[in-house]
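Which chain is which? The protein sequence lines are F and R, in order. In terms of my numbering, the first sequence is residues 1 to 298. In terms of my numbering, the second sequence is residues 1 to 345.
It should be emphasised that the hints constitute simulated quantities derived from the structure, not laboratory data. It is possible that part of the hints are untrue.
To be verified - A few chain F residues that don't get close to chain R, going by computed Cβ distances all over 10 Å:
no., residue
1, Gln38
2, Gly64
3, Pro124
4, Thr250
5, Gly261
6, Phe262
7, Thr276
As the list claims (entries may be wrong) - Covered stretches of chain F (in silico footprint by chain R; criterion: 3 or more residues with CB under 8 Å from a CB of chain R, positions within the stretch not fixed):
no., segment
8, 78-88
9, 95-107
10, 265-273
For each residue, glycine too, the CB sits at the ideal point set by N, CA and C.
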Amino acid sequence: MFRWAARRWMSNVPEGAVYGGPREQSLGRRVTLGQLRQKQRRGEAITMVTAYDYPSAVHVDRAGVDVCLVGDSAAMAVDSAVRMLKEGGMDAIKLEGAAPSRITAAKAIVEAGIAVMGHVGLTPQAISVLGGFRPQGKTVESAIKVVETALALQKAGCFSIVLECVPAPVAAAATKALEIPTIGIGAGPFCSGQVLVYHDLLGMLQHPHHAKVTPKFCKQFGHVGDAINKALSEYKQEVESRSFPGPAHTPYRISDADVDGFLNELQKMGLSEAATAAAAAAENVETAGRSSEDNNCS
Amino acid sequence: MFRWAARRWMSNVPEGAVYGGPREQSLGRRVTLGQLRQKQRRGEAITMVTAYDYPSAVHVDRAGVDVCLVGDSAAMVVHGHDTTLPIPLDLMLAHCRAVARGAPRPLLVGDLPFGSYESSPSQAVDSAVRMLKEGGMDAIKLEGAAPSRITAAKAIVEAGIAVMGHVGLTPQAISVLGGFRPQGKTVESAIKVVETALALQKAGCFSIVLECVPAPVAAAATKALEIPTIGIGAGPFCSGQVLVYHDLLGMLQHPHHAKVTPKFCKQFGHVGDAINKALSEYKQEVESRSFPGPAHTPYRISDADVDGFLNELQKMGLSEAATAAAAAAENVETAGRSSEDNNCS
Numbered sequence: 001m002f003r004w005a006a007r008r009w010m011s012n013v014p015e016g017a018v019y020g021g022p023r024e025q026s027l028g029r030r031v032t033l034g035q036l037r038q039k040q041r042r043g044e045a046i047t048m049v050t051a052y053d054y055p056s057a058v059h060v061d062r063a064g065v066d067v068c069l070v071g072d073s074a075a076m077a078v079d080s081a082v083r084m085l086k087e088g089g090m091d092a093i094k095l096e097g098a099a100p101s102r103i104t105a106a107k108a109i110v111e112a113g114i115a116v117m118g119h120v121g122l123t124p125q126a127i128s129v130l131g132g133f134r135p136q137g138k139t140v141e142s143a144i145k146v147v148e149t150a151l152a153l154q155k156a157g158c159f160s161i162v163l164e165c166v167p168a169p170v171a172a173a174a175t176k177a178l179e180i181p182t183i184g185i186g187a188g189p190f191c192s193g194q195v196l197v198y199h200d201l202l203g204m205l206q207h208p209h210h211a212k213v214t215p216k217f218c219k220q221f222g223h224v225g226d227a228i229n230k231a232l233s234e235y236k237q238e239v240e241s242r243s244f245p246g247p248a249h250t251p252y253r254i255s256d257a258d259v260d261g262f263l264n265e266l267q268k269m270g271l272s273e274a275a276t277a278a279a280a281a282a283e284n285v286e287t288a289g290r291s292s293e294d295n296n297c298s
Numbered sequence: 001m002f003r004w005a006a007r008r009w010m011s012n013v014p015e016g017a018v019y020g021g022p023r024e025q026s027l028g029r030r031v032t033l034g035q036l037r038q039k040q041r042r043g044e045a046i047t048m049v050t051a052y053d054y055p056s057a058v059h060v061d062r063a064g065v066d067v068c069l070v071g072d073s074a075a076m077v078v079h080g081h082d083t084t085l086p087i088p089l090d091l092m093l094a095h096c097r098a099v100a101r102g103a104p105r106p107l108l109v110g111d112l113p114f115g116s117y118e119s120s121p122s123q124a125v126d127s128a129v130r131m132l133k134e135g136g137m138d139a140i141k142l143e144g145a146a147p148s149r150i151t152a153a154k155a156i157v158e159a160g161i162a163v164m165g166h167v168g169l170t171p172q173a174i175s176v177l178g179g180f181r182p183q184g185k186t187v188e189s190a191i192k193v194v195e196t197a198l199a200l201q202k203a204g205c206f207s208i209v210l211e212c213v214p215a216p217v218a219a220a221a222t223k224a225l226e227i228p229t230i231g232i233g234a235g236p237f238c239s240g241q242v243l244v245y246h247d248l249l250g251m252l253q254h255p256h257h258a259k260v261t262p263k264f265c266k267q268f269g270h271v272g273d274a275i276n277k278a279l280s281e282y283k284q285e286v287e288s289r290s291f292p293g294p295a296h297t298p299y300r301i302s303d304a305d306v307d308g309f310l311n312e313l314q315k316m317g318l319s320e321a322a323t324a325a326a327a328a329a330e331n332v333e334t335a336g337r338s339s340e341d342n343n344c345s
């Protein structure tokens, strides 16, 4: 049913076309729902990370992560889901919640031929009724609701369920009760797989003076924000001390003959100071170029 | 004339209002055109870096960079296209808004994208107005120096919007330029750089970006102008420098997918390598089931509620699920006790 996902029908890339252009064809390489099911059966954890743009997508792809989630948008209806696949190039959609209307929507989207990932527990789009980003499933009633709604979404045709911010035993129960895989976030280690937000796991927004609060269930696997701050500070310092750009980063040349012609024209235009500056620069660049050749740099 | 820029008149933030809400007021803190002029007069180099979203804007702001440019390079470094041409104005405005949220201090300049300003001066003014109104920018940048561009720049300035010009290699014109090729390498081309910069100054631009021209040409233009020049691939004799965020950070570097960094760009960091390493560790820890450990499994359900939960599951005929839940509860409790013993977390 979902094997179509294994072959990317893009209108500008006919299947198997040798003239498809310079972009490497990834036909047959994209992760499929079947492969996710196999991982689950073998007890191998499914990995999921969010991405939002080309660079983050490249990184998530190259790290070998199974599922890339383009995080959050408005409530799904069939039309929106269709746009996600048609215009967004997605393979599947995720929708939050488990009210009867959501389960009906999930069913309708599946019937439209679009794979649906459900999402129960803390559903961030519902913070209005939830009263904030509060963990769910901490009472008997709430815990049972997590299990029941996950089962209902499975029945509606979802291919997996995200469990967000529920106690580990509740996630364990739901995972066992379901045939489809669960992907946890802040839900403990007993899910079929895990998901984290790109910026959180990378510590992207960390800064000595602006620490964005990282959720307590999120481990920082990197300190990218610190690295960015350090690099930008060095850039600023090197620009202001005028050490950047040095000869190694000033590659574009104008021939001596053309420099002379340029100086003449500038004089004719009455821009004698500009001519002086250009002459000095040409000599400076040439000197720097010679000494870097001597030093075998660049 | 440009003192208005020193005070951010935002409709949802009355000046000095104590009820303006939790957001820290940055009235008076934003970099102004006057401050850039002062830097230039004192011979201090002006710094500019691109940003495209909230996190990059926060980083550029916190690093103390003077000017934050929301570049149409977004088409390439954010959206993965091969040129700057495909990005539409509406998408640029979304990037501008995100950047404005993250960067209260630097001067914000938004690039007018290809196709949003070339047809007529009124199209140019309309697009520039949207950049400020909807995008939250302080100024706009437009490329090129054909007479129609200079007319457009003048019209935008007359509409009250500060304009940064851009000559030399103008990426939106790669169709006529025949690629990303440095300019100003002949007498004629070099003189054209100087002349057009002067014409844009006359039209009212507050600064000029010089891209990919030989250093002597940039030096001449910088000396001939009263307004500051911001160079990229133009040598050290400009009033300031600009680089693309992802390039200077080595953001797209990866052992197996090295995006070509322009040769004029120094990598001040190797962020792409750091990202790859972190994502690989995450994957490895998830697959070895060491993440999430007890330190990252914070949400508890009381023992009494666990018992009630197990009973309900049995009643529903989900006995295997009940067993799994019971095992998980014991596992979490054991792990929790030993981490208390070890004084972890």
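Notebook entry, point to check: Is the nearest CB of chain R more than 10 Å from the CB of Phe262 (chain F)?
Noted result: violated, 5 Å
Next item on the list: Go check the segment 95-107 of chain F versus chain R for me, would you? Three or more residues, Cβ under 8 Å, otherwise it fails.
Entry: Coverage by chain R is violated here, the residue count being 0 at a Cβ distance below 8 Å.
Margin query: Quick check for students: does the CB of Gln38 (chain F) sit more than 10 Å from each CB in chain R?
Written below: holds, 14 Å
Next item on the list: Measuring Cβ to Cβ, find out whether Gly261 (chain F) lies farther than 10 Å from everything in chain R.
Entry: Answer for Gly261 (chain F): violated, closest chain R Cβ roughly 4 Å.
Margin query: Does Gly64 (chain F) clear chain R by more than 10 Å, comparing its Cβ with all Cβ atoms of that chain?
Written below: Violated, because the least Cβ-Cβ distance between Gly64 (chain F) and chain R comes to about 6 Å, which does not exceed 10 Å.
Item checked: Minimum Cβ-Cβ distance from Thr276 (chain F) to chain R exceeds 10 Å -> violated, 8 Å
Notebook entry, point to check: Looking at Thr250 (chain F) again, its CB stays over 10 Å from all of chain R?
Noted result: Not fine: 4 Å to the nearest Cβ puts Thr250 (chain F) too close to chain R.
Checklist line | Coverage of the segment 265-273 of chain F by chain R (three or more Cβ within 8 Å) | finding: Coverage by chain R holds here, the residue count being 5 at a Cβ distance below 8 Å.
Margin query: The output says Pro124 (chain F) does not contact chain R. Does that hold with a beta carbon cutoff of 10 Å?
Written below: holds, 15 Å
Margin query: Closer than 8 Å Cβ to Cβ for three or more residues is the test here. Does the segment 78-88 of chain F pass it with chain R?
Written below: violated (count 0)
The structure does not agree with the numbered hints 2, 4, 5, 6, 7, 8, 9 stated previously, though it agrees with the rest.
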